[in-house]
Structures are given as structure tokens and as C-alpha cells.
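*Asks:* Using UniProt numbering, the first residue of the sequence shown is number 1, and each one after it goes up by one.
For the record, the hints were derived by calculation from the structure and aren't laboratory data.
Computed from a prediction, not measured in an experiment: that's the story for all the values here.
C-beta: ideal position from N, C-alpha, C; glycine also.
Hints may contain errors.
[Stated by the list, open to error] What follows is a list of derived Cβ distance ranges for each label pair:
hint, residue 1, residue 2, range
1, 128, 233, 21 to 31 Å
2, 100, 241, 36 to 46 Å
3, 95, 45, 27 to 37 Å
4, 3, 27, 18 to 28 Å
5, 119, 206, 38 to 48 Å
6, 15, 175, 16 to 26 Å
7, 206, 166, 46 to 56 Å
8, 115, 19, 34 to 44 Å
9, 31, 82, 23 to 33 Å
10, 136, 245, 17 to 27 Å
11, 78, 44, 41 to 51 Å
12, 21, 178, 33 to 43 Å
13, 241, 79, 45 to 55 Å
[As the list claims (entries may be wrong)] With a straight-line cut-off of 25 Å between C-alpha atoms, the simulated DSS-like cross-links for lysine-lysine are:
hint, residue 1, residue 2
14, 80, 10
15, 242, 231
16, 142, 120
17, 60, 80
18, 127, 183
19, 166, 195
20, 75, 127
21, 75, 60
22, 166, 10
23, 26, 10
24, 195, 127
25, 120, 183
26, 142, 166
27, 195, 207
28, 75, 166
29, 142, 195
30, 60, 142
31, 166, 60
32, 207, 231
33, 207, 183
34, 183, 231
35, 166, 80
36, 120, 166
37, 195, 183
38, 142, 127
39, 231, 166
40, 127, 80
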Amino acid sequence: MSQVIITTDKLSKSFSTGGVQQHILKNLDLEILSGDFTVIMGSSGAGKSTLMYALSGMDKPTLGSVTYFDQEIAKLSNDKLAVFRRLNCGFVFQQMFLLDNMSILDNVIAAGLLVSNDRKAIAARAKDLFAQVGLTEMIWRKFPSQLSGGEAQRAAIVRALINQPKVVFADEPTGALNSAAGKVVLDVLTDLNSKGQSIIMVTHDLKSARRGNRILYMRDGVIHGICNLGKYVSGDRERHGKLQAFLTEMGW
């Protein structure tokens, strides 16, 4: 039976702009289970990325709580929160943020050295992960500017996985890729999830959303609906139809 790994209680986030209070998240109660591939969808401004940042500890809520197992992370100091993220969270963004003056391998090792001093073990794990995502030695010895978009994003996924995070957070990971490269990245994420990796992904893309087993649809700072699709199976037309019907009902 899956374990609850993240719980939010009345999670709220607001900003003041020009003296006007903007409520981005509104009293969200949510549970994330281990092994879930959770997809967050909704129109621009719905609060998708803000929710992901709050769940990952990249941003603190205005009110409410975010709990990993028994640890409420919103109450941690900024320094302790940074350590928490290194140990528990991996991040994949639309822009890869790889360091241009380092090889791909060294980019990944640098992330691993934030948690461990065992460079040899980190390098060995990195090479195993590169093999899992289909990047050969010829690729991971290159610099970021020498890679295609799809190769760079797969390298970014390896960097996200190097410290064995409990959850991988992905914010529009295929948004800057062509359809072929995007499919490869989605295949990698799907394969990781099939092996038990918990993933939370924000996307506008229907093809990307189909990979999730649980779809959260946001509108005006609240979760307007949830669709449970089960584990992804390639070519499942019923899955596509169910998701399409759900999104139509949500007004997508």
C-alpha cells in the first residue's frame, strides 16, 4: 500500500502588488503518495508552479503547512530548508540550468558533492544514471553547449536524481523541446516512475499529462478537480479519452 509522503493543510500563498493582495493558493488540503506520478494542470495564473514551489520547499506558504512524513518544512529556517531540498528533492525545469564551463558529468558530480564527499561513488552513480537515460560516455563528456535540447534535459534529469530524492519536481520539462525530444524525456520520466520514483510535474501539454496517474486541475488558486488514470500504458486510447473528458469538464 502506498505511503503518504507529502501532506498540505490549508496551504495558502498570497502576494501584495501595488497595495492589492493577490491570493495565489487558497486553503489547499492535499496528499501525495509514494510512487505517484502527479500532474498539475490549469490555465496560466491558476497557481500551478506556486503549488509546486510550496510542495518542494522552494517557497514558503503565507499560511498553512507542508509536511514530509512527520516534518513540517514551512517552519524550517532557510538554511535548513536548503539542506532538506538537497536530501529529499530533485528538480527539472524547462530551462536546464547546466553550468556551461563544466562537462555534463562534472555538472552532475557538483550536485552530488553538495550531499556527499565521496566523489568516486558519486561519479559511479552518475554513470549508471546516464546509462539509464540513454546518454553514452561520448555525450556526458561534452559541455552543455554541445548537446541537443533533449540530451541536455536528460542530463538535467540525471542531475536531479544524483542524490536519490524522494520526489522529483518537474516544471514544464518538455516545454522547450521538439516533439521527438519531448517524447524521449517523457519516456525517461515514465520509466523512473515505473521503478517507484515519485514525480510531481507541472505541464500545459496533453501528451505530457497522459503520463501521470493522478491529474490535479487548478483554477484560481484551488484544486478544481482530480482525475485518477492509473499507471501509464502506451497506446491506451481509453486513458486519452478519460483525460480529455476530464479536462473538457474542467473548462481546459
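*Asks:* Give a verdict on every hint.
*Replies:* Quick rundown of the hints versus the structure:
no.: 1; hint: 128 <-> 233: 21 to 31 Å; in the structure: holds, 27 Å
no.: 2; hint: 100 <-> 241: 36 to 46 Å; in the structure: holds, 44 Å
no.: 3; hint: 95 <-> 45: 27 to 37 Å; in the structure: violated, 20 Å
no.: 4; hint: 3 <-> 27: 18 to 28 Å; in the structure: holds, 25 Å
no.: 5; hint: 119 <-> 206: 38 to 48 Å; in the structure: holds, 42 Å
no.: 6; hint: 15 <-> 175: 16 to 26 Å; in the structure: holds, 24 Å
no.: 7; hint: 206 <-> 166: 46 to 56 Å; in the structure: violated, 28 Å
no.: 8; hint: 115 <-> 19: 34 to 44 Å; in the structure: holds, 43 Å
no.: 9; hint: 31 <-> 82: 23 to 33 Å; in the structure: holds, 25 Å
no.: 10; hint: 136 <-> 245: 17 to 27 Å; in the structure: violated, 42 Å
no.: 11; hint: 78 <-> 44: 41 to 51 Å; in the structure: violated, 29 Å
no.: 12; hint: 21 <-> 178: 33 to 43 Å; in the structure: holds, 41 Å
no.: 13; hint: 241 <-> 79: 45 to 55 Å; in the structure: holds, 48 Å
no.: 14; hint: 80 <-> 10; in the structure: holds, 23 Å
no.: 15; hint: 242 <-> 231; in the structure: holds, 13 Å
no.: 16; hint: 142 <-> 120; in the structure: holds, 19 Å
no.: 17; hint: 60 <-> 80; in the structure: holds, 13 Å
no.: 18; hint: 127 <-> 183; in the structure: holds, 22 Å
no.: 19; hint: 166 <-> 195; in the structure: holds, 13 Å
no.: 20; hint: 75 <-> 127; in the structure: violated, 36 Å
no.: 21; hint: 75 <-> 60; in the structure: holds, 9 Å
no.: 22; hint: 166 <-> 10; in the structure: holds, 23 Å
no.: 23; hint: 26 <-> 10; in the structure: holds, 7 Å
no.: 24; hint: 195 <-> 127; in the structure: holds, 18 Å
no.: 25; hint: 120 <-> 183; in the structure: violated, 32 Å
no.: 26; hint: 142 <-> 166; in the structure: violated, 29 Å
no.: 27; hint: 195 <-> 207; in the structure: holds, 21 Å
no.: 28; hint: 75 <-> 166; in the structure: holds, 20 Å
no.: 29; hint: 142 <-> 195; in the structure: violated, 28 Å
no.: 30; hint: 60 <-> 142; in the structure: violated, 37 Å
no.: 31; hint: 166 <-> 60; in the structure: holds, 19 Å
no.: 32; hint: 207 <-> 231; in the structure: holds, 15 Å
no.: 33; hint: 207 <-> 183; in the structure: holds, 9 Å
no.: 34; hint: 183 <-> 231; in the structure: holds, 17 Å
no.: 35; hint: 166 <-> 80; in the structure: holds, 17 Å
no.: 36; hint: 120 <-> 166; in the structure: holds, 23 Å
no.: 37; hint: 195 <-> 183; in the structure: holds, 18 Å
no.: 38; hint: 142 <-> 127; in the structure: holds, 14 Å
no.: 39; hint: 231 <-> 166; in the structure: holds, 19 Å
no.: 40; hint: 127 <-> 80; in the structure: violated, 29 Å
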